[in-house]
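2 protein chains.
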Amino acid sequence: MGSEMLDHAVQSLREHGVRMTPQRQAILEYLVTEHSHPTADDIYKALAARFPNMSVATVYNNLRVFKEVGLVQEMNYGDASSRFDFVTSKHYHIICDTCGKVVDFNYPVLDEIEAVASQLTGFKVDRHRLEVYGTCPSCQAEQSQTH
Amino acid sequence: MGSEMLDHAVQSLREHGVRMTPQRQAILEYLVTEHSHPTADDIYKALAARFPNMSVATVYNNLRVFKEVGLVQEMNYGDASSRFDFVTSKHYHIICDTCGKVVDFNYPVLDEIEAVASQLTGFKVDRHRLEVYGTCPSCQAEQSQTH
DNA sequence: TCTTACATAGTAATCTTTATAATTAGTGTA
DNA sequence: TACACTAATTATAAAGATTACTATGTAAGA
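These protein sequences, in sequence, are chains H and P. In terms of this note's numbering, the first sequence opens at residue 5 and continues consecutively. In terms of this note's numbering, the second sequence opens at residue 5 and continues consecutively.
Incorrect hints may have been included.
Here are the simulated lysine to any residue pairs, SDA-like style, with alpha carbons at most 25 Å apart [what the hints assert, rightly or not]:
1. 128(H) - 86(P)
2. 71(P) - 71(H)
3. 71(P) - 143(H)
4. 71(H) - 143(P)
5. 128(H) - 109(P)
6. 128(H) - 105(P)
7. 105(P) - 116(H)
8. 105(H) - 114(P)
9. 128(H) - 103(P)
FYI, nobody ran anything at the bench for these hints, they're computed from the structure.
Work out the full structure: start from the sequences and follow the hints.
This is the structure in structure tokens:
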């Protein structure tokens, strides 16, 4: 299941002339198998046991490479660290203001807004970004308990 | 014109028990009169002449206060500094990938997507954020000249 | 005017990310 | 398989943005 995506990703990297290393493989695996949206530090810590000598820079370098190849999407929310999402298919994100959890949801891609924005501003539009913010079910439950 | 918005903002701050200081007033004025989307450092530099002793921390402190009162919206784009937008009315932003310019544009508020996201994920939705990215007219002109 | 709590300045510290240089290790080719 | 070339990694320093902290200053109400 996940291995199919992983194979595809590895092949995609090879086609871009990117070499495979154990660290790179591990970071990629982590992104594919974990359905979370980890920060660079999350990944670093998660792999610390297997690669005690791995540098944080390696994580960042690889995330940059994955981004360039289009395997991974970087998301930045305000002050916190960037989060990285392995791109499977088009989807939007909803983010919990309380615990920071990120959940995917599907919605038809908003092509129209890009056309409208282009017409109004004269920009040549490349892409858009849409996120919804709120409180996730478990944080809602906690909050209603407290009060 | 701008002073009406400024007065309203000052009143709103007073109602929240926030004291008015010359620095605070100046930062607020800058945000209201400049229609740009400045970074904390932009503001700091712009007011350096009038307040040679002002601390960067003061700028950040005030921006935080303004945000808490809802006068200002913070926007963070990837790696760069946060930008701050004085909230006048609902609008979306389009951002130039080349020079970083931010332009406002109007589009009907996407209420539906909040409802859909809520239904799909169980989140209690608070707000959403939508941005369009591309190349602004002047950067387009420069790029076509070069090639 | 006096008082008090909030705001500011100045600086140190933190956190995330990038840059740099030296070493290590993939990968294609002989 | 061994070699050579070049990319990748490590380790560390550095940059940049933001926050924390403390002493001092000041706005605003009694």
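We went through each hint and held it up to the structure:
| no. | hint | result |
| --- | --- | --- |
| 1 | 128(H) - 86(P) | holds (23 Å) |
| 2 | 71(P) - 71(H) | violated (32 Å) |
| 3 | 71(P) - 143(H) | holds (23 Å) |
| 4 | 71(H) - 143(P) | holds (24 Å) |
| 5 | 128(H) - 109(P) | holds (14 Å) |
| 6 | 128(H) - 105(P) | holds (13 Å) |
| 7 | 105(P) - 116(H) | holds (22 Å) |
| 8 | 105(H) - 114(P) | holds (22 Å) |
| 9 | 128(H) - 103(P) | holds (13 Å) |
When the structure is compared with the earlier hints, a violation turns up for hint 2 alone.
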